[in-house]
Structure formats: C-alpha cells, structure tokens
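Just so you know, the sequences run in chain order W and Z. The first sequence begins at 75 in my numbering and counts up one residue at a time. The second sequence begins at 75 in my numbering and counts up one residue at a time.
Derived by calculation from the structure, the hints in this document are not laboratory data. Misleading hints may appear alongside valid ones.
To be verified - What follows is a set of in silico ranges between Cβ atoms, one per label pair, in the way DEER data are often shown:
| # | chain 1 | residue 1 | chain 2 | residue 2 | range |
| --- | --- | --- | --- | --- | --- |
| 1 | Z | 189 | W | 477 | 52 to 58 Å |
| 2 | W | 303 | Z | 338 | 49 to 55 Å |
| 3 | Z | 457 | W | 373 | 31 to 37 Å |
| 4 | W | 524 | Z | 239 | 52 to 58 Å |
Stated by the list, open to error - Residues of chain W placed beyond 10 Å of chain Z at every Cβ, according to the derived structure:
| # | residue |
| --- | --- |
| 5 | 157 |
| 6 | 165 |
| 7 | 186 |
| 8 | 201 |
| 9 | 341 |
| 10 | 500 |
| 11 | 524 |
Using N, Cα and C, we set each Cβ at its ideal position, and we do this for glycine too.
Protein chains: 2
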Amino acid sequence: MTMTRQMPEADVTPVQASSITRWDHEADVVIAGYGVAGAAAAVEAARSGADVLVVERTGSWGGAAAMAGGFIYLGGGTGLQKACGFDDSVDNMAAFLNVAMGPGADAARIADYCAGSVAHFDWLVSCGVPFKAEFFSEPGWEPMGDQGLMYSGGENAYPFNTIATPAPRGHVPQMSNKKQGEASAGYMLMKPLVETATAAGARALYDVRVQSLIVDPDGRVVGMRARQYGTEMAIRARRGIVLATGSFAYNDAMVARYAPRIAGRPAASIEQHDGQAIRMAQALGADLAHMDATEVAIFIDPQQLMRGILVNGRGQRYVAEDTYPGRIGQLTLYHQDNTAYLIIDNDAQEEAMDSWSPKFMLRQPTWVADNVADLERDIGLAPGSLQATVAAYNEGAARGEDPLLHKKTEWLRPIGSPIGAIDLRENTGGFTLGGLHTTLNAEVLHVNGEPIPGLFAAGRSTAGLAAWGYASGVSLGDGSFYGRRAGRAAASARA
Amino acid sequence: MTMTRQMPEADVTPVQASSITRWDHEADVVIAGYGVAGAAAAVEAARSGADVLVVERTGSWGGAAAMAGGFIYLGGGTGLQKACGFDDSVDNMAAFLNVAMGPGADAARIADYCAGSVAHFDWLVSCGVPFKAEFFSEPGWEPMGDQGLMYSGGENAYPFNTIATPAPRGHVPQMSNKKQGEASAGYMLMKPLVETATAAGARALYDVRVQSLIVDPDGRVVGMRARQYGTEMAIRARRGIVLATGSFAYNDAMVARYAPRIAGRPAASIEQHDGQAIRMAQALGADLAHMDATEVAIFIDPQQLMRGILVNGRGQRYVAEDTYPGRIGQLTLYHQDNTAYLIIDNDAQEEAMDSWSPKFMLRQPTWVADNVADLERDIGLAPGSLQATVAAYNEGAARGEDPLLHKKTEWLRPIGSPIGAIDLRENTGGFTLGGLHTTLNAEVLHVNGEPIPGLFAAGRSTAGLAAWGYASGVSLGDGSFYGRRAGRAAASARA
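Modelling step: build the complete structure from the supplied sequences, incorporating the hints.
Written as structure tokens, this is what we have:
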C-alpha cells in the first residue's frame, strides 16, 4: 500500500519512504521506548558499533521497568544463586517454565532463554547492576530489605515442586536505601543500563511519540514517523528499528478485544503502555501471539494468604495458598470469576499483623464470626459449603497434611475461632503479556511467516516467555534478554 | 508495500494491482467460501443487482454449516417461537446474550443482532429454509427428531434463568429423514440458501483456494490471487470482496499462538478452516478480536450429565449439570484444567440408558463401587473430598434443593449405590470463535480503526457475537446475519 495522505494522530498506516521529503533525525539503529528492552537494545547495538538513537515518549528513560519491583527471572546456576547456596540447571529451569508459563508457552523460546540465563546475569552485572548475595524467604511479594534473591513463581510450592527441583530465580537489584523509598529495585536496574548505553554512545530523544513505520518499495522498514511537542518528524533508521514501547494494558479498545477479563483493572503498568508499537507493526502485516495472556496480582499480602485458606464463591478451596500470589491472582480472576474469600482465624491474623509486612499492606477481615456456620451465612455462601471445607482442611492440618492442595506443612494449622473472612471479590489487577510474534533473534514476523526486513521488537510489545502463566521477573527478564538480541540484530542488519 | 515477487503458496502478502497482467475472472462481488456466510452474502449481493462470483476451496458448497447440527440462534419473538408458545423480546434476548456470550462480548453487536433477529428468521423462511413448529425439550445436544425449536444456550438453567426470562432460541431446519441420516439440519439450511443464490444469479467456482488480496495504489482491495488445480489465477472484484472461509481451528500454528487450550482438539469444524482469510486480511493491517474465544463441547450425553453430578479434580462440583453442555465444556476445559468426573448411580445410569438418546452416545462408568469412599479412592481423589460433595448434594436433593449450583428440581435425586464415575478427563473439543474485527456492516477494520476499502467479512473468519461464552446456533446465526450485511455492503461499494 502506498499511503501519502495526511493521517490523524492515531493512524498507524505505514508510509512510503518516497513520500518523505526530509529526515529530521537519523541513526543506524532507532529504538522506540527507553524502558528495559530499549535500554538493553541500546547497549548492545552501540557496543556493536552502530550509531544508536533512542526515542522515548516521556521526559526520561525508565519506562515501566523503573517503577517495578525489579525482579529479573534468571537461573540455571547464576552466580547469585550459587552465592546464596542454591543449585539449579538449565534443564531444571526449563522444566519449571514449560509448565509454569502456561498452556501455549513457547518451549523453544524457554529453552533459548534458559540456556542464556547465566550469561545474561553476568552481562547485567558487567553493566553495573548490583545484586546482594542474600536470600529472602517468603512470604511476601518482594524482599523487605535489599536481599537479591527470592522465589518468585511458586517454584517451591505445589504443583511445581513436584515437577522441578525448587530454586529461587527472582534476581533483585540491590537498592541503596529501600526503607526511605529513595530508589526502587527497577530503578537500580535501569540506571546502570542507561548509563552503559550512554557511555557506549547511544543518544536519546525525549517527549517523542512514535506514529507509524516508514517502508521502502520492497517492504523494508527504514524509519518512523513521530511527533515531538506537536511537531511531526521523520526518523531514518539506516539498519533497523527496535520496537520497545511496552504492553497494551492501557489501550482500552485492545484490551476489550484481546484480554477482556483484565479490562478496567490495569496494575503494575504505566499509562504509556497503549499498544502503539503493536498496532504500528500490525499495520505492516505483523503477526501476534498470546494476546489473551495477562499477569494478574491479587491485592492481599502473602503473610495473610499463607496463614488462611482461600475459597471461591462456592466455598471451595482451589489453590495452595502458599504458592506464587500472581498464580493465585490468575486462577482467581480467570477460573473463579474474580471471586475469593480469605478465611483466617484470629490467631493467624494477629501473627500476620506482627510479621515483617508493613501494617498498611495487611487487611482487616470484612466479616468476623464466632463459628464457621455464622461466617458462612454472613458471607452468603451456600449452607454447609464453607463448613465442609474448613472441616476437611482442619482434619488434614491437625496431622500436618493438605491432601487436597498440598500447602506446605509449615503453613498448616487448624482454623479456630473467632474466625474472619477478607472479601477478595474484584481484588485483582494486572498487565497484558501478549504482543508481536518474533523470532528468537527479535525479528518481527509477518503473517506470511517471514521476518519483516528492518523491524525488530522486544519487551512487552512482544509475546515473550509467558503464555497463560507467569512468574515475577519474566517481563524484565525476557525484555532485557531479547532487547539485547534486538539491538545486536538491528545493528547487523543490511544497511 | 509493493510486492511483486513470486510468493510461495503460504504467502499472504498483498499484491499490487499494477502487477496483475491478466484477470482470469471478474465480478462485482467476489465471495471467498461457500458456507453459510458466503451463501447469505451471495443471496443478498445478487438480489442487490450485483454480478456475484463465489469461489470455494472444496468441490461443492456447504462448508462447516452443511455438516453442523444446524442450530441458528434467533429470538426476540420469531414466528417459530410464537408457534411453539414461547414469549420472547429483543431486550430479553439481548439480556441473555450479554451475559452468556462472556466477558468481552460486544454489546452493540448483540443489540444489533437481536433487533434484526425476527426479520432474519423471516428471511430464512423466505429463502425456503423449513422449520417445523414443534418444541423439543431436553436433555440432548440437539433434537432427536425433526423438531424445530430447542434450548441451546442454558437459557432455562442457572444462572441465566435468573438474568432473563427463559426462551428457547435454537432454531433447527427440518430434516426430511433424520433417522436414516440422509440429511443433516445444516444441509437443510444450506441447500435452499444456495438454490436461492443461484436463482438470483450468483455463479460459483469450485476447487479454488484463495491466496492473497490484490490492492490498488490507494489501498483499496480490488481482487484476490487464487489457485485452481495448481494454476495461479487473479480474480477481480469490481465492487468488493467478502471473506467467508471460516475459522482457524485447523491452523495449528495460529491455534498455538491464539487459543492454545483448544490445541489438538478441534471438533465440529472442518479441515478447510485454516485461517487463510484471517491471515490475508492481517497482511493488509486488518485488526482482530477475541482470538482466544472457543466453542467447547464435552463428550458426554446430556441424558447422563443431568442425572449425575460433575466434579473436578478436587472432587468439587462447579456447574449446574442441567445447563447448556457447551458451557460445561468451556468451564471444564478452561477452569478445571480439562478434568472432570461424572458421578452417577446405577439407577440414574439405567434411566439414561432407557432414554431417547441412542445407545452408542451413552457411556459406561469407568469405575463402579459400592460406596462413595471406595469410588473416591478408585478415582484417586483426595480422601473425603468426594464424600463431602455427595453428602452435601444428597442432603439438598432430598428436599428438592441445590443451594450450591441450582440444578433444576426435576433433576435432583440423592445419589445412591452402587455408584459409578465416568472419566471425563481430556474429553472436550471445539472450534475457534475469534477472527477479523468488523463493523456491523461487515466491513473489515484496519488497526487504524477505519474500514479497509473494498473488504468485507462474515462468519467464523470474523469475531462475531461470542467472546468467552457460546450458545449452539450463534455461529450459523451471526454467519448468516452478517453474511447478508456483507453481501449488501459489497454490492453497494464504490465501483
């Protein structure tokens, strides 16, 4: 298609290079988005000798990564795992991910990622990302201090602990001063990566919104249209373009069409994640994958989760409460109609309140009753349903077993009274995991199955490791891993 | 993109009209696929005065429709509903569909479809589609005889019977001789539609596989490349093209990327459903919707389902057994990890065996035991789990109530012994419901939000009424309804 007419801002229709009268900026490799994928791409492209320009929509680098908890999912025997006393292997890591990343997970991508994981950790360290060799044990969404390693995907919980040898793989950059909130772990990841990219020669242009791709007559991507402070510009990429603008979690129309269950509840994402790069590439015939996949958090502290039992709208337990809370979020939103109640007795609630979790994270029971029958009626559950569930749980817990869901023995204790319930209906949120379908070299694939020449992508604008499943750190992990690939591939593409 | 190089067969990259040296066939409106959407489009386009050519991949018209059970989901007070003594209204039908078609269902499309439903029924009748004014009551997947009307979406079961006034909307064309299997209801739908299209002047070309779209310099679709017996051809559409080639249920790569849970279990579909039209339009920048949505059947006769209780891998009930079995299939595949066991006692099993369902449809128990505890152990369920479930069910059934799931009183009876269980693990299959994102006039939408000039689509190559939810008859319903719209819109498009 040759399209030279004036477009409204939202129009992502590709533009023919012949219609461009002036190139406002030019580089060998042009990267859209200065989050973790863009920064990793910038480092590698610049180190490959390419002239690199990063265009970023906001006023600064960082993206969603800089605001994140900072987990990077790595394993197979990283230096940090070894320093903390954990054994792991490439095969063991892959065995876990092939199941935990859900139906439809791409086994070839997982194998590739696991095989390169130790080297990727070393690369991050070589870029100056700091990791403290200290393990943080659960429960918690993330370490309370500056510890560097934590379980982040339910590796040590049922059913994953029966599938692979548990090993923690959540690698967390060390924060200089977490308690005062002066830096997030994500910031401590981004800052050294951007400094490394800058030192290697990468330039950056801020407040630039990318609009559409520019192609030459044989379909090769040679540039991008963009806007800066309302001014249209054309940016030429002599070798390649890397799309790294993040997910579509904040594009309501795309969410409605592709991931409707997460509609209205974006979390752990940023408003800039509007799917722009996905649409720009789709307009060129790019293929997609796993568009329905989402990360899902459940808004309850694991200190409470693990000490209670979680039941659905039928009063039934459905997941081991001591697994990765993101998995609990997914199962609750998708399989239990976003309806859950955490049943917790007074003693367990007090223990949680006395734990290391900050008080503001912990929730008070919505209902409190003297016995299960009363609580069941107060919540509005079917008569007898919660009573049977608690009776079965208590019977097993009394002998240290959970035959139904295999919660670990250390968290099993019969539920006594007074007994409370925390209302967890509509208490989930998350971000989208699907996006452009790419090769392991971060080339964007056309629906005809061939790479689109000159076009590369990484991060949450692409479908990565996760399909219907997740572990904290997978997004920063595959974003940085395939961001590097994208930078190298773009730098070596035909000029 | 200008693409004139020779393509391998799978290449769906659009071709510039300027590269076409000869048009092998030509018509005002060219329709790809002669199933229900294509036939409805052909009738309306031809009746609008357009010269119409239908190209069909197989040796004959019919598509998946001709092999289907033939349900067409219609309501709002059709002649057939009235003749069978049922009240319905447009609003009542929409209230049901807005919930039953699942999260993400398109309320505007549902409103549009419901408003036109009575007229669409009349149109089918005017085309010669026969309906016998007789209601068939459950249980069963479809009528056992030639009855014309049946519940087909759980309208009269919980929770839908609390949301809208139950009305049956599965309209089934009358078969001339069902028992001898000489005609399916789907055939009785297709035959008159094709005869009507032919009488109106529509031509057909068989054994033609469409390959890619042909566009003029301003992006308008003006034709298709295709192959017949290995010979390449170019087909010109003076006014518009209608894509009606069905779903992507048999495209393994697409299923893996978009609907992985249904991978390896296509059902009620045909092998020609390879997503070709979806990919052809994607290559032009067409947008998609609801690609993860699927119809799911569970392979068990409703005569047995309704007489037993269905439990998941934790021994818990999760759905009223007397609802639409397709809903049970969806909930089982997606929410219960494709694991279910039907618990049925000897008396209920004998009743099912004596019912109108053919013997070969009914299954024998996988396990039989003298009591629930033994059965629970034989299946391998957690100790006590099934016992608690049966005890709770029996306690309610004895007084004619099902407080947990609200199965209708007529199907409630305490479960006695001997007791059996039918293994329903991995006993589901289905077809994909997602596809091209279209307007209510069946225009194919580009990712920039505008219709692609000259391109229309209907049927299961598009996202229709259903998102994450289904009722039997929705596919033939929206396929024929929006097929008509596509035919009219293409016929009136700028020449």
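Structure-based check of each hint:
At about 53 Å, the beta-carbon gap between residue 189 of chain Z and residue 477 of chain W stays in the expected band of 52 to 58 Å. Judged by the Cβ atoms, the range 49 to 55 Å given for residue 303 of chain W and residue 338 of chain Z holds: they are separated by roughly 52 Å. Take residue 457 of chain Z and residue 373 of chain W: their Cβ atoms lie about 34 Å apart, and the range 31 to 37 Å holds. Between residue 524 of chain W and residue 239 of chain Z the beta carbon distance is about 54 Å. The supplied range of 52 to 58 Å therefore holds.
For residue 157 of chain W, the condition that its CB be more than 10 Å from all CB atoms of chain Z holds, with the nearest at approximately 37 Å. No beta-carbon of chain Z comes within 10 Å of the beta-carbon of residue 165 of chain W; the shortest separation is about 23 Å. Against chain Z, the non-interface label of residue 186 of chain W holds: every CB pair exceeds 10 Å, the least being about 17 Å. Every Cβ of chain Z is farther than 10 Å from the Cβ of residue 201 of chain W; the closest lies at roughly 32 Å, confirming the non-interface assignment.
Here residue 341 of chain W stays apart from chain Z, with its beta-carbon at least about 17 Å from theirs, past the 10 Å limit. At roughly 13 Å, the least C-beta separation between residue 500 of chain W and chain Z is larger than 10 Å, which holds for a residue marked as non-interface. Against chain Z, the non-interface label of residue 524 of chain W is violated: not every CB pair exceeds 10 Å, the least being about 8 Å.
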